[in-house]
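**Student:** Sequence:
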Amino acid sequence: MSHLNGSNDENNVTQPPAFSSFQTDLTPRAKTKIKLRFILVIFLAIHIPLVLYFILSRTILALAISIIPPTISIILNFIIYKQFDVIGMLSVIGWISAIILASFQKVSKFYSLGVSFVFGVIGLVLVITLIPIKVGSFEMRPFLYYCSKHFNIGNYQGLTKDEPFPDRCERYWKTYASFRRPLIIVTAVWGFVFLLELLIRIIIVYKANGFDPDNYVFYYSFPFLSVFTVIYITWLRRKQLKKLFCPA
1 MSHLNGSNDE NNVTQPPAFS SFQTDLTPRA KTKIKLRFIL VIFLAIHIPL VLYFILSRTI
61 LALAISIIPP TISIILNFII YKQFDVIGML SVIGWISAII LASFQKVSKF YSLGVSFVFG
121 VIGLVLVITL IPIKVGSFEM RPFLYYCSKH FNIGNYQGLT KDEPFPDRCE RYWKTYASFR
181 RPLIIVTAVW GFVFLLELLI RIIIVYKANG FDPDNYVFYY SFPFLSVFTV IYITWLRRKQ
241 LKKLFCPA
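Per the numbering used here, the very first residue in the sequence shown carries number 1; after that it's consecutive.
Because the hints were derived from the structure by calculation, they are not lab data.
Don't take every hint at face value.
What the hints assert, rightly or not - The following label-pair restraints were derived from C-beta to C-beta distances:
#1 Arg-29 with Pro-132: 29 to 39 Å
#2 Trp-235 with Lys-106: 44 to 54 Å
#3 Lys-106 with Val-230: 37 to 47 Å
#4 Ala-64 with Ile-203: 29 to 39 Å
#5 Ile-80 with Trp-235: 31 to 41 Å
#6 Lys-109 with Thr-229: 29 to 39 Å
#7 Ile-131 with Thr-229: 15 to 25 Å
#8 Tyr-111 with Arg-29: 44 to 54 Å
#9 Val-227 with Lys-35: 40 to 50 Å
#10 Lys-109 with Asp-167: 21 to 31 Å
What the hints assert, rightly or not - Keeping only pairs whose Cα atoms sit at most 30 Å apart, straight-line, the calculated BS3-like set for lysine-lysine is:
#11 Lys-82 with Lys-207
#12 Lys-174 with Lys-33
#13 Lys-207 with Lys-109
#14 Lys-239 with Lys-35
#15 Lys-82 with Lys-134
#16 Lys-35 with Lys-82
#17 Lys-134 with Lys-174
#18 Lys-82 with Lys-33
#19 Lys-35 with Lys-174
#20 Lys-106 with Lys-207
#21 Lys-174 with Lys-109
Backbone N, C-alpha and C fix where the C-beta goes; we use that ideal spot for every residue, glycine too.
Let the sequences and hints guide you as you build the complete structure.
**Tutor:** Written out as structure tokens, the structure reads:
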């Protein structure tokens, strides 16, 4: 994957990047603001839309109304922070997919795909972000990269404290293969697992002649992804500690 290519001048910076920890040169107040912003985005993109959907009796109109909160999140992030809310964007894509699914209630085989179709579309979006598409100055990056960049998540020691965080994140992406790799792997695993789950669901629905009330594969996929992510991040941190405390 071409994202993995590029320079890897890790010896030029005092400390190599670690994965998924808040940068240490932020003040406590700045860290609190980042955490509150993340919580607000999650509420607008996920929790509030779900509450609206169930309160409004799970209709197509309810699905359409549920798109409003994540759209507001996207607009607010763009106006206030001059950044694109990728989590809000993913939420909007998910709700639009649900509207498309609900519009085909009379097509039993398609409608029986249920939530697997919605997360299959989300998985496709995650996989697409792995493609290094270039348009002018824009270059596609993995979904998790944008989460790291927009919410200031990551250990970016070794660079100037006065450097804007987006610039710092961009420089680490271009400089460190060890920084790029986890973002690519986690994005890829989540994306391909959602797509694989949708494929399995299609096969099950086809064999069941368009009727399959149970969707065990989907409910198994989330525990698997959660366990994988925790184990992988733990392994990365231990590997990082070995490099810091065990000289070659």
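**Student:** Take a look at whether the Cβ-Cβ distance between Ile-80 and Trp-235 falls inside 31 to 41 Å.
**Tutor:** 36 Å, holds
**Student:** CA of Lys-174 to CA of Lys-33, is that 30 Å or under?
**Tutor:** 27 Å, holds
**Student:** Quick one, are Lys-82 and Lys-134 close enough, alpha carbons at most 30 Å?
**Tutor:** 21 Å, holds
**Student:** Keeping to a limit of 30 Å between CA atoms, is the pair of Lys-35 and Lys-174 held or broken?
**Tutor:** Holds, at about 26 Å.
**Student:** Look at the Cβ atoms of Val-227 and Lys-35 and judge whether their distance stays inside 40 to 50 Å.
**Tutor:** 24 Å, violated
**Student:** Given the hint that Lys-35 pairs with Lys-82, does the C-alpha gap stay at or below 30 Å?
**Tutor:** 18 Å, holds
**Student:** Does the beta carbon distance between Ala-64 and Ile-203 stay inside 29 to 39 Å, or does it fall outside?
**Tutor:** 31 Å, holds
**Student:** Holds or violated: 37 to 47 Å for the Cβ distance of Lys-106 and Val-230?
**Tutor:** The hinted range 37 to 47 Å holds for Lys-106 and Val-230, with Cβ atoms some 42 Å apart.
**Student:** Need the status of pair Lys-82, Lys-33: alpha-carbon distance at most 30 Å?
**Tutor:** 16 Å, holds
**Student:** Between the beta carbons of Lys-109 and Asp-167, is the distance compatible with 21 to 31 Å?
**Tutor:** 49 Å, violated
**Student:** Run the distance test for Lys-82 versus Lys-207: straight-line Cα separation, threshold 30 Å.
**Tutor:** Violated, because 49 Å separates the two Cα atoms, which is more than 30 Å.
**Student:** Taking 30 Å as the top limit, are the C-alpha atoms of Lys-239 and Lys-35 close enough?
**Tutor:** Holds, at roughly 26 Å.
Comparing the model with each earlier hint shows violations of hints 9, 10, 11 and 21; every other hint is respected.
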